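Chains W and R, in that order, are what the protein sequence lines are.
Here this note's numbering is used: the first residue of the first sequence is 1, the next is one more, and so on.
Here this note's numbering is used: the first residue of the second sequence is 1, the next is one more, and so on.
Don't read these hints as lab results, they were simulated from the structure.
All values derive from a computational prediction rather than experimental measurement.
Worth double-checking, as some hints may not be accurate.
Claimed, not checked - Restricting the straight-line Cα-Cα distance to at most 30 Å, the calculated cross-link-like pairs of lysine-lysine (DSS-like) are:
| no. | chain 1 | residue 1 | chain 2 | residue 2 |
| --- | --- | --- | --- | --- |
| 1 | W | K386 | W | K364 |
| 2 | R | K69 | W | K69 |
| 3 | W | K386 | R | K31 |
| 4 | W | K28 | R | K30 |
| 5 | W | K89 | W | K218 |
| 6 | W | K31 | R | K386 |
| 7 | R | K19 | R | K31 |
| 8 | R | K31 | W | K364 |
| 9 | W | K30 | R | K69 |
| 10 | R | K364 | R | K69 |
| 11 | R | K30 | W | K69 |
| 12 | R | K19 | R | K386 |
| 13 | W | K89 | R | K69 |
| 14 | R | K69 | W | K31 |
| 15 | R | K30 | W | K19 |
| 16 | R | K69 | R | K386 |
What the hints assert, rightly or not - Per label pair, the in silico range of CB-to-CB distance:
| no. | chain 1 | residue 1 | chain 2 | residue 2 | range |
| --- | --- | --- | --- | --- | --- |
| 17 | R | P72 | W | D374 | 15 to 25 Å |
| 18 | R | P50 | W | A25 | 38 to 48 Å |
| 19 | W | K386 | R | P50 | 34 to 44 Å |
| 20 | R | R203 | W | E350 | 51 to 61 Å |
| 21 | W | R162 | R | R203 | 45 to 55 Å |
| 22 | W | G167 | R | A384 | 50 to 60 Å |
No residue lacks a Cβ here, since even glycine has one placed at the ideal position from N, Cα and C.
There are 2 protein chains.
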Amino acid sequence: MPVSPEIREAIRQGSWIRKMFEEGAFLKAKKGLENVFDFSLGNPYGDPPPLLALELARLAANPPPDLHKYMPNAGFPDVRQRVAEDLLKTTGLAYAPGLVVMTVGAAGALNVALRAILSPGDEVIVIAPYFVEYLFYVRNAGGVPVVAQSADDFQLDLEAIRAAITGRTKALLLNTPNNPTGAVYPADSLRGLSRVLSEGEVRTGGPIYVLSDEPYRKIVYPEAVFSPPAASLRNTLVAYSHSKDLNLPGERIGYLAVSPRAADAAELADACVFCNRVLGFVNAPSLMQRVVAGFQGIEADLSVYRRNREMLLTTLLGSGFSVVPPGGAFYLFPRSPVEDEMRFLAAAREENVLAVPGSGFGRKGYFRIAYCVDPETVERSLPAWKRLGSRFFGRKGGRG
Amino acid sequence: MPVSPEIREAIRQGSWIRKMFEEGAFLKAKKGLENVFDFSLGNPYGDPPPLLALELARLAANPPPDLHKYMPNAGFPDVRQRVAEDLLKTTGLAYAPGLVVMTVGAAGALNVALRAILSPGDEVIVIAPYFVEYLFYVRNAGGVPVVAQSADDFQLDLEAIRAAITGRTKALLLNTPNNPTGAVYPADSLRGLSRVLSEGEVRTGGPIYVLSDEPYRKIVYPEAVFSPPAASLRNTLVAYSHSKDLNLPGERIGYLAVSPRAADAAELADACVFCNRVLGFVNAPSLMQRVVAGFQGIEADLSVYRRNREMLLTTLLGSGFSVVPPGGAFYLFPRSPVEDEMRFLAAAREENVLAVPGSGFGRKGYFRIAYCVDPETVERSLPAWKRLGSRFFGRKGGRG
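One chain only, chain W, in its complex shape (with noise of 0.2 Å):
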């Protein structure tokens, strides 16, 4: 066999968003790209903030020697002192450079933490409904995924994660605001999660690193506050990306920040650096690194995510849907009208609108709209979703 039996199974099992994709494309060529009303894509929408297109137009017309050398694999020195300053603004917490390291990414800042942490067998455990990629690089790292499933309203459910927690737990995966929820947790809720990890790393007899996936962290509405998870949990290792923030997702570049108050910190971050050499990442693009270095601080244009939500909530929830209104970032996760949402989403398609089942983030019954796209889509999807929620809702309101 050519092909890893895990690789191959793995791509078998997601090979129906494959096909929804192919349905898409299909449905784009036949009714023309602007009939179509295509929620399911997480691309930030919106150009890099003018000010870094004229750094980078800067860089590129008058390059410092350095510009696209080698660095040490943790990334340009002052670029780390960037990140450790902003971070101290972020979470009040004051981090040595010498615990950021510079990654390909916020995917990148997560398999390396779990290479460097994980040995085969180790367990980690993944809050549902969670971004998919979650389960691949814990595996990746030899790691075993253990679900635990979030509450009713996508707040954490801390009995579930104390259930979760065995002998072999080694980290847990946080994302707030979360993907596909929008939920971001309050600051008391940390705490409690805090106290269920002390709890159990009486059983692991070690620590419980928390793997805090933030790209959304600049993502908030006014409804709600980002409480960092670094600011309450012990052993936080901070996985950013500057693909929401800044519009700049294919360019990979992010960064991993282990907390100055994390067990055995420098070690463990000088374990990161090493993986982020040895996985083949060997370090973030240097010519990013220095584009990035000068925008730790700035706030992410809400303009366009406010008004799509606004207008989305407002006609869902008067269609009848139900819908849990996000704390963050781009996305709504609302109840399919019939249990099984395949069939809720061919009803959508066609209406000519596409979203992604929630059995592809492990909650089954939902699906993800994703509404980072044109505010002039979002208007004229709005009778769509209106004539769904009469179909599936009639006068009878909403299923739950």
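We have chain W already, so just place chain R on it with the hints.
Below, chain R without anything else, positioned relative to chain W:
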């Protein structure tokens, strides 16, 4: 224990390298940067081609709309097309663009290929002396590296390779031109390897893939000719990097290409795209994909490397050292005048000369000179090499 025992042990085993670099840094601080002859680092010498710098500045000043956005995990289709066209010229084989995956350098490409192919316990043959990272790459995917020594002239020892094949052999890592020896494998040697692997495949019952790591493909001296492994070996995956030909090592841009003749080529390419995604690379940096697209056919500038190679070879051979003239890359791998090369390198440090012990590449009793440095540095180092020759060889000449 916070860090995985495997990673901790790997770091411990590599700690002598860190110690060596620390000693080098100490030497530079003490003697002054310009008085230390540092031949320890494989960083390519020089800047990107001027036309490439112009193209980067042009893209940065007038960014096309998708410059920084996500694209298919395999890369921009038109960039893959350009790579496929260049591979046709290099190998004579018609690569469909679908067989090309843009990657985070050759290191990313190798990790992707290994993850796609290997199951835990599968074996990969590595030819010594080797780039030390190969061992980690194989282990990242759960594989077991099996070392086969090359011949005394660093050419392939087909009998050693034959003896290394077992029922679990899934791949062989090939590196021509070679780091650290500079060896370039001629076509008849590769054809011999093809026969050995075909015989081996009878035992394994499946393909033995050749992972051909070719970052030095364009750095070949007039005495040698680069023979593309894909032209001689059916089941070849090319891993390429633009670190050396375009002097972009920090940018992490390269590709992986599955031979159109490889067993199950299309399925394997799909698996590589999948692994590029789930290993956390996601895609090769987008701006750099655009930048390198038009520079696939460019020749590398060898002027500095040729001059350095000539100066060092003449001086080393004239001083009694035993060294095989390298056909390519920018390394010399002389025999140490004493069996314990660490003793020789300590003496070299007294002459302010830094190099890397052969034991770091799986071949004790040798050392590596990376001559990707300023020719003026090489020139000023020549008296030191002569003194080392006198000290170790006296009038007796070389050791072997």
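Quick rundown of the hints versus the structure:
{"no.": "1", "hint": "K386(W) to K364(W)", "in the structure": "23 Å, holds"}
{"no.": "2", "hint": "K69(R) to K69(W)", "in the structure": "24 Å, holds"}
{"no.": "3", "hint": "K386(W) to K31(R)", "in the structure": "77 Å, violated"}
{"no.": "4", "hint": "K28(W) to K30(R)", "in the structure": "67 Å, violated"}
{"no.": "5", "hint": "K89(W) to K218(W)", "in the structure": "13 Å, holds"}
{"no.": "6", "hint": "K31(W) to K386(R)", "in the structure": "77 Å, violated"}
{"no.": "7", "hint": "K19(R) to K31(R)", "in the structure": "18 Å, holds"}
{"no.": "8", "hint": "K31(R) to K364(W)", "in the structure": "67 Å, violated"}
{"no.": "9", "hint": "K30(W) to K69(R)", "in the structure": "25 Å, holds"}
{"no.": "10", "hint": "K364(R) to K69(R)", "in the structure": "47 Å, violated"}
{"no.": "11", "hint": "K30(R) to K69(W)", "in the structure": "25 Å, holds"}
{"no.": "12", "hint": "K19(R) to K386(R)", "in the structure": "26 Å, holds"}
{"no.": "13", "hint": "K89(W) to K69(R)", "in the structure": "28 Å, holds"}
{"no.": "14", "hint": "K69(R) to K31(W)", "in the structure": "25 Å, holds"}
{"no.": "15", "hint": "K30(R) to K19(W)", "in the structure": "64 Å, violated"}
{"no.": "16", "hint": "K69(R) to K386(R)", "in the structure": "55 Å, violated"}
{"no.": "17", "hint": "P72(R) to D374(W): 15 to 25 Å", "in the structure": "21 Å, holds"}
{"no.": "18", "hint": "P50(R) to A25(W): 38 to 48 Å", "in the structure": "41 Å, holds"}
{"no.": "19", "hint": "K386(W) to P50(R): 34 to 44 Å", "in the structure": "59 Å, violated"}
{"no.": "20", "hint": "R203(R) to E350(W): 51 to 61 Å", "in the structure": "55 Å, holds"}
{"no.": "21", "hint": "R162(W) to R203(R): 45 to 55 Å", "in the structure": "51 Å, holds"}
{"no.": "22", "hint": "G167(W) to A384(R): 50 to 60 Å", "in the structure": "58 Å, holds"}
Of the numbered hints listed earlier, those contradicted by the structure are 3, 4, 6, 8, 10, 15, 16, 19.
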